[in-house]
Structures are given as structure tokens and as C-alpha cells.
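Based on the sequences and whatever the hints tell you, model everything.
Sequences listed follow chains D and H, in order.
The working numbering applies: residue 1 is where the first sequence begins, and numbers increase by one.
The working numbering applies: residue 1 is where the second sequence begins, and numbers increase by one.
Please keep in mind that the hints were generated in silico from the structure rather than gathered at the bench.
Any given hint could be a false lead.
With a Cα cut of at most 27 Å, we get these calculated DSSO-like pairs of lysine-lysine [stated by the list, open to error]:
{"no.": "1", "chain 1": "H", "residue 1": "K124", "chain 2": "D", "residue 2": "K4"}
{"no.": "2", "chain 1": "D", "residue 1": "K56", "chain 2": "D", "residue 2": "K15"}
{"no.": "3", "chain 1": "D", "residue 1": "K240", "chain 2": "D", "residue 2": "K604"}
{"no.": "4", "chain 1": "D", "residue 1": "K12", "chain 2": "H", "residue 2": "K124"}
{"no.": "5", "chain 1": "H", "residue 1": "K124", "chain 2": "D", "residue 2": "K8"}
{"no.": "6", "chain 1": "D", "residue 1": "K8", "chain 2": "H", "residue 2": "K9"}
{"no.": "7", "chain 1": "H", "residue 1": "K101", "chain 2": "H", "residue 2": "K155"}
{"no.": "8", "chain 1": "H", "residue 1": "K103", "chain 2": "D", "residue 2": "K12"}
{"no.": "9", "chain 1": "H", "residue 1": "K101", "chain 2": "D", "residue 2": "K12"}
{"no.": "10", "chain 1": "D", "residue 1": "K12", "chain 2": "H", "residue 2": "K143"}
{"no.": "11", "chain 1": "D", "residue 1": "K199", "chain 2": "D", "residue 2": "K30"}
{"no.": "12", "chain 1": "D", "residue 1": "K4", "chain 2": "H", "residue 2": "K195"}
{"no.": "13", "chain 1": "H", "residue 1": "K124", "chain 2": "D", "residue 2": "K15"}
Note that the structure is predicted; figures quoted are calculated from it, not measured.
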Amino acid sequence: MIPKEVEKYLLKVQKPGRYTGGEMGAVIKKKEDVEVRFAFCFPDTYEIGMSHLGIKILYSLFNEVPYIWCERVFAPWIDMEEVMREHDLPLYALESGDPLCDFDFIGFTLQYELSYSNILNMLALGNVPILSKDRKGLKNIVVAGGPNCCNPEPITDFIDIFFLGDGEEVDLEVMELYRVCRKENTTREEFLRRASQIKGVYVPSLYEVDYNDDGTLRSITPRDGAPAKIEKRVMMDMDKCYYPSRFVVPNIEIVHDRAVEEIFRGCIRGCRFCQAGFLYRPVREKSVDCINEQTHTLCRNTGYDEVSLSSLSSSDYTQIVPLLTKLTEWSKKENVSLSLPSLRVDGFTDDILDKIKSVRKSGLTFAPEAGSQRLRDAINKNVFEGELMHTCSVAFEGGYTTVKLYFMIGLPTETYDDVAAIAELGQKVVNAYYACENRAKGQSVRVTISASSFVPKPFTPFQWEPQDTMEELRKKQQHLKSSITTRKITYNYHDSDTSFLEAVFARGDRKLNAVMLKAFEKGIRFDGWSDCFSLQKWLEVFEECGIDPAFYANRKRSFEELLPWDHLDYGIKKSFLQSECEKAYRSESSPNCREKCLGCGAAKYGGGVCYEKR
Amino acid sequence: MRNVRVFFKKFDECKYISHLDLNRVMLRAVGKSRLDVWRTEGFNQHAYITFALPLSLGFSSECESMDFRLLDDGMDLSLIPEMLNVCLPEGIRVFACDEAKYKPADIDAALYEAVLTADDISAKELYTAFSELLESDEIPVEKKTKKGFKTVNLKEYVRAYSLLLDERSVTLSITLPAGSSTNINPTLFITALEKKTGAEIYYNISRKEIYTKEGVPFA
Ligand code: SF4
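Below, the structure is given as C-alpha cells:
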């Protein structure tokens with residue numbers, strides 16, 4: 001619903017459809033009929049937030065509980081923000097049109113560090129006090145979930161509760177507790193204290209942190225009975241795990257405008273730079289029948305004619321061919337096309353290619369991540385040049401003429417030769433095209449090389465590694481650029497400035513809360529958007545707060561150092577991460593979970609790939 | 001195979017669905033309804049739907065229409081509105097369905113109703129200014145054309161109008177040329193009025209009816 005005062009100005013902003021709600025599938029309840037009102041906030045634009053799977057799952061899950069009404073809130077784009085500030089219009093939820101400050105729970109999903117500034121801005125726009133300590137009574141409980149909860153230390157002053165791991169159960173348990181506490185009329189503090197006893201709940205205000213003289217952490221101490229280690233939650237039986245049968249279907253075009261079916265959680269690969277590959281361990285699959293039924297229902301209920309099978313690495317699904325066979329039994333008839341994102345180079349078999357032919361012939365996308373085999377071994381990205389060439393040749397024979405290759409620069413152990421090897425690999429793909437006899441006649445090949453900057457992340461074997469300085473990264477980008485000698489290759493590189501900020505916040509500690517607050521006061525937001533991001537502004541903020549960002553981004557940490565996230569337990573042993581890091585130094589790769597269990601620690605959850613027969 | 005035309009209203013939140021997005025919303029609704037509709041050939045097959053006259057973003061309407069080809073010759077067309085409505089957002093309601101009578105090229109004019117308010121001046125002042133403007137012989141505005149901007153005299157295009165003063169607002173009903181050859185957007189009058197009064201004007205515009213060259217409602 002559009003608040004009346006807002007509607008007056010809607011035609012003065014770009015894409016007003018972002019701010020209206022009223023989509024098919026949006027859930028409208030009566031305020032009087034519910035006990036808990038939850039505002040699900042995505043700290044980015046409508047088009048990005050609505051494309052996100054997590055919000056779709058939790059929105060439906062919450063709304064199936066009769067006493068909860070979950071609504072959606074997105075960050076208004078800067079033109080709308082200006083209108084809201086000028087006319088004193090609070091940020092509102094799309095379903096009821098009520099301001100954020102009316103809600104019992106205000107929940108954010110933490111998907112990327114560069115969205116933190118939007119969280120503060122959204123709270124302020126919604127008339128919610130941004131600091132936890134200024135919020136009183138049993139309302140406006142600000143919670144957060146999502147991958148970045150694995151190191152939420154830089155925003156602990158603003159968020160009351162973090163949910164670690166899968167949210168499907170723990171969120172509901174906390175809301176049930178809230179309901180009880182409200183009946184008993186407890187204090188906010190008592191509610192938070194009781195919440196901290198629930199597995200997967202991290203209440204940061206119940207922990208004291210202490211620093212050494214050199215600025216590193218000395219200790220993290222719980223109080224009031226809060227657990228010393230906070231363990232993530234995991235849904236082990238994916239077939240029984242809640243999955244929505246309908247989505248809110250947007251009226252305006254969004255980034256990923258299609259049905260999405262999650263086929264498994266986790267990843268067997270253990271690429272050493274990839275945080276998701278460790279956070280979501282162990283791999284847990286849904287059965288073919290379950291996926292088939294859920295997908296069919298979803299397409300029927302939403303009217304989407306495209307469905308994407310989502311996971312971190314689709315071709316690692318053990319039953320991928322039987323699954324595609326089953327799905328195509330109805331999808332062809334009903335004009336539904338299937339897409340498989342995140343296909344690996346070696347997963348591109350003829351069988352699969354054949355089944356997903358119904359997808360438009362967009363270019364092929366592969367992520368070798370590093371140019372040389374040596375460096376690919378060091379980062380444990382087990383992609384081999386021969387496989388890549390073979391797959392490209394197969395695709396070229398099939399009429400493809402464009403290939404996109406994704407790389408990272410600034411990876412640990414990387415040399416300038418490794419950087420140049422990226423260009424060489426691109427050249428080899430170009431050569432493979434011209435060596436291919438059945439290539440598309442009269443067309444030339446387009447190879448796009450994209451290089452992003454490596455950002456070391458918590459809970460990866462590279463969590464101790466320094467990030468290359470921006471200057472070094474720029475030199476490497478130049479080196480790569482000058483190593484490319486053909487015009488058949490297009491080279492894109494991502495700005496190293498945003499990667500630097502990402503690196504600071506990814507491994508930051510509580511001292512960064514002051515930086516976040518100051519950044520908010522200076523009007524910083526939408527850092528993920530190049531039209532808004534300014535490193536200069538951020539550097540001024542760091543300067544004013546007396547904090548050296550290089551301490552977080554560019555410093556090599558010792559294996560002995562107490563890390564800001566050491567009190568959080570994602571099932572992965574620190575000793576395992578260290579041994580993987582040491583293997584990287586020796587340029588040694590590791591087998592994946594299906595080849596051999598490396599005993600990372602995730603077997604303690606009692607299921608998934610850890611108990612498959614090898 | 002029959003050429004079928006459905007008529008629908010577009011209002012509330014759905015006013016803000018652009019023409020391009022409306023196409024997407026309708027395609028999904030048609031797909032979801034499982035109506036047996038003729039599809040485009042080729043790689044990405046989808047239902048073939050067309051719209052007679054695009055509606056500006058932010059306008060509501062009582063008289064929008066969409067055409068498609070129904071493969072099932074025996075089907076009772078009166079069932080179609082409900083089949084589509086369950087597949088559409090609340091702000092789009094299909095209220096009629098019949099075989100197409102006129103061609104989109106037969107469209108000649110449209111009736112709009114615009115409710116205007118302003119913060120800086122009273123409704124009375126707004127009314128007086130608008131009356132003067134509409135009565136004058138020349139209402140010059142800049143109109144965007146394919147070749148850039150040119151000045152046109154809006155007055156020449158007004159087929160009929162009436163102006164009404166309410167307590168807080170002014171309501172204009174106006175019939176303007178519409179269709180593929182000449183199409184005059186009623187917001188042009190509001191721009192002219194803003195220029196005349198210097199006040200920022202807020203408006204709600206609704207398309208009430210679309211007419212053919214014979215002056216009968218498009219059907
Ligand atoms: S315990 Fe073994 S099989 Fe399980 S996730 Fe860890 S390495 Fe993989």
C-alpha cells in the first residue's frame with residue numbers, strides 16, 4: 001500500500017514501481033489479527049532485494065505463522081530519499097505502508113559489507129534509533145541474518161541480535177520467545193538474555209571485548225550466561241526444510257526475474273578464497289522428487305516461464321542428469337525453460353548441454369579464477385586448462401561465439417607471471433576457436449576477461465592473509481592489460497577501491513562501529529553503487545576516527561592471533577583452515593569432499609556429504 | 001483461432017507499472033492461466049499479446065485492452081476475465097472479454113479525467129487560472145518529438161472539456177486526440193498551468209474511455 005502522503009510525490013521519482021507494493025503474492029493481513037510484526041529489510045534497491053532467494057523463503061515462512069505478519073522494506077534510491085527527507089516521510093513497509101518504527105522486529109539480511117551504510121540509513125529514515133542502546137522497551141528489535149553474520153563485529157552497536165547459519169528455525173524460535181516475553185511483560189534486556197540461550201543466536205551486547213596495545217584482540221568475554229561459543233544453525237534434511245510454494249511476483253522488472261529452486265546447500269569444493277564454500281558446510285542435497293515437485297508448483301503459482309536451479313555449483317548435484325530428465329518431462333510442454341547458473345567447466349557435459357538447450361544462447365561463463373595451474377592449485381580451484389579448452393571447443397562446435405572468463409587478482413602467493421598467465425589463457429581460448437572446424441561461419445570470437453580484486457574473508461583458509469594494497473592491485477591490473485595482445489579479448493576490471501573497503505569491514509572488529517556511525521552522519525550510503533561510492537569520503541572518516549584501515553585490510557595476521565570472529569562457530573575447525581592455508585603456500589591442492597574427507601569439522605552435524613559412501 | 005480482446009482496469013499500485021512492465025505482467029498472467037493462446041514461433045516462445053494504446057506511467061484507467069489469439073474455438077469467452085484475474089495483481093482487473101471488433105488503428109480520441117491539487121495556491125486560484133488558460137486561443141507548450149522539441153498550440157487539439165471546482169481540488173475532464181497518428185498527453189496542460197501559475201501541481205489522471213473515428217467506444 002502506498003501511504004497517501006507518499007503517493008503525491010511518486011511521479012517525481014525514477015521507477016516509482018519500486019515503492020508501491022501491491023504485487024501478486026504479497027501478503028496482506030489485518031494488524032489486529034497478528035501479534036508480531038516483522039519488517040524484512042533488504043539494504044539495497046527493490047530490484048536487487050527482490051531477486052534474492054533468502055527473502056523469498058523467510059517471507060513466506062513467517063507469513064505462514066498466523067500470529068506473524070512479515071512485510072518488505074527496501075532502501076529507497078537517492079532521489080526518493082531526498083523526497084522523503086524533504087517532506088518528512090518515514091521509510092515504510094510495502095504491504096501496510098506503516099513506518100519502520102511501528103514494527104516489533106526489524107530484520108536485515110547481510111549479504112555484502114558494502115551495504116552496511118544502507119542499514120544505518122534505513123533505520124534513520126524509518127525513525128528508528130540507530131544505536132541499540134537508544135532503543136527501549138519490547139519493540140524495534142533489530143535483528144540480522146545472512147552470510148556476513150560470520151563476522152558482524154563492525155556493526156554490533158546497531159544490531160541487537162544476529163542469527164548464525166540457516167534461519168528457517170531459529171528466527172521463529174526467537175519470535176515465539178518474544179511473544180512469551182511480551183505476555184510476561186519482561187524488559188528488553190531480559191528478552192535479549194533469554195534469546196542468547198537459543199542455539200544460533202548471537203547477542204553482541206552480552207560480550208565484552210578487550211584489546212592488546214598493538215590493537216589486536218586480547219579477549220572476548222561473555223556475561224549473563226551467554227555462551228562462550230555461538231554455534232550456527234543448520235537444516236540437515238533439505239527435503240523437509242521449508243520451501244515456499246509461491247513468490248511475490250514483482251510488477252516491475254528486477255535483476256533476476258524468474259522462479260528459483262534451491263537444489264542443495266553447501267559446496268564440496270573448498271576453494272580457499274570462497275567464504276560460502278566453508279560457511280555452508282556440509283553439502284546437503286534435496287532429492288530429485290522434491291525438487292521436481294517444488295519447481296513445478298512454483299512455476300504454476302507464479303506464472304514464471306523460466307526457472308533457475310540454484311546452488312553454489314550446479315553440476316556437483318549428484319543426480320543432475322536424472323533431475324534434468326525429470327524436469328524436462330513437463331517443462332518442454334509448459335514452455336518453461338531451465339537455467340543452471342554456476343556451472344563448472346568440467347560440469348559442461350553433452351548430456352547437460354542437451355537438456356538446457358531451451359535456455360537462450362547467451363554466452364558461456366567460466367571462472368578459472370587464476371591464470372596459471374600453479375596458482376589454481378594454491379587457491380584450490382581445481383579447473384584444468386585441458387578441460388577448459390575441451391569445453392570451449394564443444395561449445396564453439398555448438399555455435400557459441402562468446403566466452404566470459406572470471407579471474408581474481410591479488411590472490412595469496414600470486415606473482416606477476418601468474419597475472420600474465422590470465423592473458424595467455426584468454427589467448428588459448430581464442431586459438432581454440434580458430435582451431436575448431438565447425439565454428440560459426442564468418443563470425444569472430446569474443447573472449448571477455450573480468451578480473452576482480454581478491455578480498456580475504458573470515459572462515460576461509462586465507463583469513464590471515466593481507467590484501468594487496470590498492471597501488472599493487474592497480475599495477476597488476478596494468479600488467480594484465482599490457483599482457484593482452486589481441487583485440488578479440490575484452491578486459492574488464494573491477495575497481496580496487498571498493499574491494500579495499502570490503503576487506504576492511506569483512507575482517508573488522510568492534511572499533512569500526514565508530515567509523516560506521518561517522519560515515520552515516522556524513523551521509524554515506526549505497527557504497528555498492530559506483531555512482532555513490534567515494535573512497536575519499538571513507539578515508540576522511542577513518543582519519544577523523546583515528547583508525548588505520550590498512551590494519552584490517554593489508555596486515556598479515558599470525559596464526560596465533562585472536563580473530564574478531566573466533567567466538568563464532570560455523571563448524572569449521574581453525575586448525576583445518578590453517579593447514580589449508582599452509583598447503584596454499586606449497587601450491588598444493590586438496591581433494592573435494594566427495595573424493596576424500598579432510599575432516600574440516602562439519603561432520604559433527606551428523607549428515608550430508610560427510611556420510612556419503614566414497 | 002479467434003482474435004480476442006480483454007478489457008481491464010488499471011489502478012492503485014498498478015498505476016505505476018510501465019507499459020513495458022505491463023507486457024511482462026500480462027505474459028505471466030496468460031501463462032499462469034493456462035489459456036490456450038497462440039505463441040510466437042522461434043527460440044523463446046511466448047504468448048503473443050498486443051495492446052491497443054499505451055497508457056502513461058502513473059495514470060489509472062477504466063478502459064485498457066489487450067489482444068491475443070485464442071486457439072480454442074469453442075471456449076466460452078465470458079470465463080476468461082476470472083481466469084486472468086486470479087493470475088493478476090489486485091490493481092489490474094479484467095472486466096470483459098469479446099472478439100475484437102475494431103482495429104487499434106481505428107482509435108481516434110480518449111477521454112481523461114485529471115484531479116489537480118497544489119500546496120502553494122488555493123483550489124479556487126487553481127480553478128481560475130486553469131479556466132483562463134483553457135479559454136485562451138493559444139496554449140503554447142514544448143512537445144517532445146522524434147526531431148527534438150517543438151512548440152505546439154494545445155488549444156487546437158482540445159475536442160471537449162469541462163472544469164469543476166471542489167473544496168480542495170480541481171477536476172478536468174478532457175477529450176484529446178489519441179492513437180498512432182496524433183496523441184496528446186493531458187499532462188501537457190498541467191505543464192502549461194504550472195508555467196502560468198508558478199506553482200507545483202500534483203495530479204491524478206485516469207483514462208475513462210477510448211473512442212473510434214465514429215465516436216463510439218473502442219470495442
Ligand atoms: S567433514 Fe569432510 S566431508 Fe564433511 S564437509 Fe568437512 S571435509 Fe567435507
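Verification of the hints:
1. H:K124 - D:K4: holds (23 Å)
2. D:K56 - D:K15: holds (22 Å)
3. D:K240 - D:K604: Judged against 27 Å, a Cα distance of about 20 Å means the pair holds.
4. D:K12 - H:K124: holds (25 Å)
5. H:K124 - D:K8: Satisfied, since the Cα-Cα distance of roughly 20 Å is no more than 27 Å.
6. D:K8 - H:K9: Since the Cα atoms of K8 (chain D) and K9 (chain H) sit roughly 21 Å apart, the hinted pair holds (cutoff 27 Å).
7. H:K101 - H:K155: The given pair, whose Cα atoms are some 32 Å apart, is violated under the 27 Å limit.
8. H:K103 - D:K12: violated (35 Å)
9. H:K101 - D:K12: Not satisfied, since the Cα-Cα distance of roughly 38 Å exceeds 27 Å.
10. D:K12 - H:K143: Distance of about 19 Å is within 27 Å: holds.
11. D:K199 - D:K30: violated (32 Å)
12. D:K4 - H:K195: holds (26 Å)
13. H:K124 - D:K15: Distance of about 33 Å is beyond 27 Å: violated.
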